[in-house]
Amino acid sequence: MNAALAGRTADGATLPQPTRPDDVQAFVRHQPDGAWALDLMVEGAHCGACISRIERTLRRHPGVQAARLNLSTRRLHVAWQGAQEDGAALHAAVEGLGYPAVAFDPERLEADGAAGQQDLLRCVGVAGFAAANVMILSIAVWSGHALDMGPGTRGLLHWLSALIALPAVAYAGRPFFTSAWRALRAGTTNMDVPISVGVTLACAMSLSETIRHGPYAYFDSAVTLLFFLLIGRYLDSRARGHARAAIERLMLLRAARVTVLEPHGGQTVVAADQVRPGTTILVAPGERIGVDGRIVSGTSSLDNSLVSGESLPAAVGPGDRVHAGTLNLDSALRIETLAVGEATLLSEIGRLMELAEQRRGRYVALADRVSRYYAPVVHLLALLTFLVWTLQVGVIWQIGLLHAVAVLIITCPCALGLAVPAVQVIASGRLLRQGVLLKSPTALERLAAVDTVVFDKTGTLTVGRPELVDRDRVPQAALELAAAMAMSSKHVLARGLVAACPDVQALDGVREIPGRGLLLATSEGEVRLGQRGWALEGLAGATPDGPARPEIWLARPGQPPQVFRFEDRLREDALATVRALQDRGFRVELLSGDRPEVTAKVAGQLGIAHWRAGVDPTAKTAHLQALGRDGRHVLMVGDGLNDAPALAAAHVSASPSTAADISQTAADAVFQGQRLGAVLELLAVAQKAERLVRQNMVLSIGYNVLAVPLAMIGLVTPLIAAVTMSSSSLLVVGNALRLARQRR
Amino acid sequence: MSIIGFLIPIALFLGGLGVIAFIWCLRSNQYEDLEGAAWRILEDEDEDEPPGEGPDRGGSG
Chain R
7 MNAALAGRTA
17 DGATLPQPTR
27 PDDVQAFVRH
37 QPDGAWALDL
47 MVEGAHCGAC
57 ISRIERTLRR
67 HPGVQAARLN
77 LSTRRLHVAW
87 QGAQEDGAAL
97 HAAVEGLGYP
107 AVAFDPERLE
117 ADGAAGQQDL
127 LRCVGVAGFA
137 AANVMILSIA
147 VWSGHALDMG
157 PGTRGLLHWL
167 SALIALPAVA
177 YAGRPFFTSA
187 WRALRAGTTN
197 MDVPISVGVT
207 LACAMSLSET
217 IRHGPYAYFD
227 SAVTLLFFLL
237 IGRYLDSRAR
247 GHARAAIERL
257 MLLRAARVTV
267 LEPHGGQTVV
277 AADQVRPGTT
287 ILVAPGERIG
297 VDGRIVSGTS
307 SLDNSLVSGE
317 SLPAAVGPGD
327 RVHAGTLNLD
337 SALRIETLAV
347 GEATLLSEIG
357 RLMELAEQRR
367 GRYVALADRV
377 SRYYAPVVHL
387 LALLTFLVWT
397 LQVGVIWQIG
407 LLHAVAVLII
417 TCPCALGLAV
427 PAVQVIASGR
437 LLRQGVLLKS
447 PTALERLAAV
457 DTVVFDKTGT
467 LTVGRPELVD
477 RDRVPQAALE
487 LAAAMAMSSK
497 HVLARGLVAA
507 CPDVQALDGV
517 REIPGRGLLL
527 ATSEGEVRLG
537 QRGWALEGLA
547 GATPDGPARP
557 EIWLARPGQP
567 PQVFRFEDRL
577 REDALATVRA
587 LQDRGFRVEL
597 LSGDRPEVTA
607 KVAGQLGIAH
617 WRAGVDPTAK
627 TAHLQALGRD
637 GRHVLMVGDG
647 LNDAPALAAA
657 HVSASPSTAA
667 DISQTAADAV
677 FQGQRLGAVL
687 ELLAVAQKAE
697 RLVRQNMVLS
707 IGYNVLAVPL
717 AMIGLVTPLI
727 AAVTMSSSSL
737 LVVGNALRLA
747 RQRR
Chain X
1493 MSIIGFLIPI
1503 ALFLGGLGVI
1513 AFIWCLRSNQ
1523 YEDLEGAAWR
1533 ILEDEDEDEP
1543 PGEGPDRGGS
1553 G
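Order-wise, the sequence lines are chains R and X. All residue numbers for the first sequence refer to our numbering, where the first residue is 7 and numbers rise by one. All residue numbers for the second sequence refer to our numbering, where the first residue is 1493 and numbers rise by one.
Some clues are possibly wrong.
Just a few of them, taken from the derived set where beta-carbon distance is under 10 Å, the chain R residues facing chain X [what the hints assert, rightly or not]:
(1) 53
(2) 56
(3) 58
(4) 76
(5) 78
(6) 122
(7) 128
(8) 145
(9) 383
(10) 385
(11) 386
(12) 389
(13) 493
(14) 495
Here are some, though not all, of the chain R residues that point toward chain X, as calculated from beta-carbon distances under 8 Å [claimed, not checked]:
(15) 127
(16) 168
(17) 190
(18) 405
If you are wondering where the hints come from, they were derived from the structure by calculation, not from laboratory data. Ideal Cβ positions, reconstructed from N, Cα and C, are used throughout, including at glycine.
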């Protein structure tokens, strides 16, 4: 438990940008009862201990009335009396426990989806009740056929069944009826059309049988059918619900907010898309720039990695163009807005992505492909049965209709409707426990076909943050001094220094010169830690230029300058994962927006033969499309903004949870934590799931092939229909459950 | 056979109670957080407040 907790905490530390306090403020709401409320999305909460840790810590805060963590959705609701500003403290308290938390607006999450799922569940309940009770009555009727139940008693039981079944079908069948009606009105057909026709006809025919005191009524079949189908439908919507929740989470995570400087003084925080071109905005260090613009004042360095894949921060000053999505590292910048929303580079990437996604949107899930042929075939068979019985055999048309309805009931895609959702829910649950979130319902199917894996470099194969290299060759005293100074800075490289030597005390009197470095005045003179040109200013003896990679220089009076070089380290299991993929026969490629020498080095370390460097988003997309045209099914793994279009263009895609929002939105799967091995797990589970789905398809179609002829020759009684239907449904669910039991 | 005159209404009544209870559970958001509920039952301490108060909005209520 503690180990798990620690692991999660480590994950949290890699979150690219923690929510800033003022971000939290914007999400504090005033409740009707006078209390303040805040909703947070908590990462890393996994068990009961997490619940009580978080809730108890919050309840100890004065004024807190309620704190409740929903473990299924990872949402935390806090309500308190007092000041609005307490929100930031409460948020900090949660993060202090080691759970990264992001504020969100619950109103925007009130999607119709949750209500729809509740409605489905209500339908399941009603159908279940009706199915159980009608079945009890039907058992009496069936045994009555064998013994000697009088037509009067049978009629009574049929009437009772009708009384239960008809309202239940009318209520619980709505999801299918509305969907079928919508499809018919649009001139198309879907799986719900045969279901609706079958259920309605079965009920109508049974009612007429009951009125005519006939021996056979199919009320039990109609209701049981609905019950099973609704379960399938509910599972399906749960699987999609997971996906939807994930997407919502990503969209809301760090919803871009911009600090606008009013012309007559003062600042306001507004959403990025509400900023008008021409306004001046303020970007604090550590904040992501929300607009495209030009720097008015301030010098700083920008982390462009999300936009261009470039791992080295770029120095910028007044007059320079900046793009939305870049991260301001050193000091505050005033930026004149040139473009917002639709016009930004960010949106350009978004558009590329949409284009690519439309192309992929044409992918049709296996179940839909099957059902496309299913409905016409079923209806033709039923019609054929009716015609043959009435015209050829010459029975009265009611009997013909009876047999035709039996065909419809038997072929109702009960098992088919359960076969895929059951496997999907179990597979996505299994992946969720491994920290992999499946976002797209068809992701599993597409993953199973993958034969090529394309990786991005920065943040995907590598950790995505600079770490000190050659730590052993740096004198300990210099490192300690530098780390002690670096304590007072939030610069990425300074953080890297502190991470390399965490046990030092912060030094007093350190001044940060924005865009340059840190300055400490001592009795012997100035100590400088920062950019090469600035730190070595006035020092004699130029040191040779190293390779272009992130570095900080330490200049002390009377001692030679010391350099600290940084490098983006590979993920720990990157090599093992790439090897394992290659061993399993996948072609592995590396596509990076970074410079060739850096990319070549990483490719060499990992033994990736196919790599390309310096590729921009358009080129990445083009490359993936070319691979697709060669008939390859590509899994793209990437995290940057520049990867987003490529992620959308690939056959299927995955992102680490540290990726840019837009990439996570584009990706079909998101994996948490430091392990790249999640990709292996993803592929393995997908292949197993695919196998099970196909088995289930074969099972349910095979059952139809056996049962339909029986129905057509009129041998299927309500009893046989009920037995075959239930058993085939249980069979496919049981088969799907095998996926949950397989542990590796 | 007159026994079924009692048994069937009783069966339907009991079953109906089940459905009503189910819908009540659904309405009062008891299916909101199945995972959390499984853990909460292991809590030794009582919560400081009745669970239905306020927080059951839980973000998606």
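What are the numbers of the hints the structure violates, in ascending order?
Hints 6, 8, 9, 10, 11, 12, 13, 14, 16, 17 and 18 not satisfied by this model.
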